[in-house]
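J.: As a plain string of letters, each chain reads:
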Amino acid sequence: MKRSAADIASTVRTKQEADICIDDVDHLLTAYYQTDTKDIENVLRNKISAKNAQLFMSILSEYGGDHTLFQAFLEKLHQQISSFSVFQLTIAFDPNDSTLDVLSLWVKTNISPLTVLDVVCNPHILGGAIISYKGIYKDFSLKRKLDELFNKKKPMSIV
Amino acid sequence: MRSTTNKKTSELLDTSRQKADQIIEKAQRKALELIENAKLYDEETKKELIAQLEDARKAQSEEFKKISAEFLTDYEKALAGIKTETTADLGEVTKKIQSDALSQVEDLSHVIEKETVGAEKVVEQKIEEEYAKARQEIEEYKKKKFATIDASVYPILRKVAEEILSKSLTFEDQQQLVLDALAQSKKEFNAV
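Which chain is which? The protein sequence lines are E and Z, in order. Under this note's numbering, the letters of the first sequence match residues 1 to 159, in that order. Under this note's numbering, the letters of the second sequence match residues 160 to 351, in that order.
No lab work stands behind these hints, which were simulated from the structure alone. All values reported here derive from a predicted model rather than from experimental measurement. For each residue, glycine too, the CB sits at the ideal point set by N, CA and C. Worth double-checking, as some hints may not be accurate.
Stated by the list, open to error - Heads up, incomplete: computed chain E residues facing chain Z, CB under 10 angstroms, no partners named:
(1) I20
(2) I22
(3) Q54
(4) L55
(5) L60
(6) S98
(7) P113
(8) G127
(9) I131
All chains, please: the whole structure from these sequences, using the hints.
T.: Following this line, the structure appears as structure tokens:
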């Protein structure tokens, strides 16, 4: 069963993954534009990330080693990933892979499938999240709640 | 005082009477001398004249005594009247002085009372003002002190709250808080 560019694009969770993927695809496409197909395998082995190299090799295999189809796949994949919106999420902890899965799934399901996360770790926000998406900024952090609480409690003279 | 005055009056009258007697006696002697020296009169006439002169002297003396007694009586009456009037006048004067003094004392009392009440009100008002001022200053001082205390306490409380939150939240708690935040943002970002 061949996986489409859309299938692969949907697995890209974060902006960092998207950037790496685009770089890797760029390397491959450059090789296609500048050299012959023999050099592609060299690029796959040496110039791109190990994770993507494995993925793209399996995709090339799924396309029966057809470089024309594979190049078209890469161009489509580049186009799709480049068009993704960035959903910036500032959180208080360093997320593990499992957490990234959960968060990415939530964003792709509830906001848009054409979205990647830009996760920023900032322990000073204490908990919750600060979200920035398409020019809208929302602070749902514990730090802000704590600020509100203390500002309400403070006398006017020191607010 | 009355007896002294009466005594002096009596002495004066006695002196007057004595002087009158002396004058009469002197006149009598002069008359006797004239009679003695008169050659025209015989002894019988002379004795008659001397007797008449003695009678006249006695009559004159009696008359004078009577007049003196009447004068003394009138004088004493007048003196008593004067005394009564003077006493009455003095009583009135005393009453007037007393009345004036009382009136003046009363006026003075009113003035003092008025001024005292006025002074009391001024003092009372001043105390009220000072009290209000002091109370306001205390309130401001309290506010400043509380603000100073709060200013030093709140950052500590804030720091403690932050420490507790950061240490007490588990990884799962943190993840759930992020999902809660995402759930809150859903409506707003869906509208974009």
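J.: Can you give the numbers of the hints that this structure goes against, from lowest to highest?
T.: 1, 2, 3, 4, 5, 7
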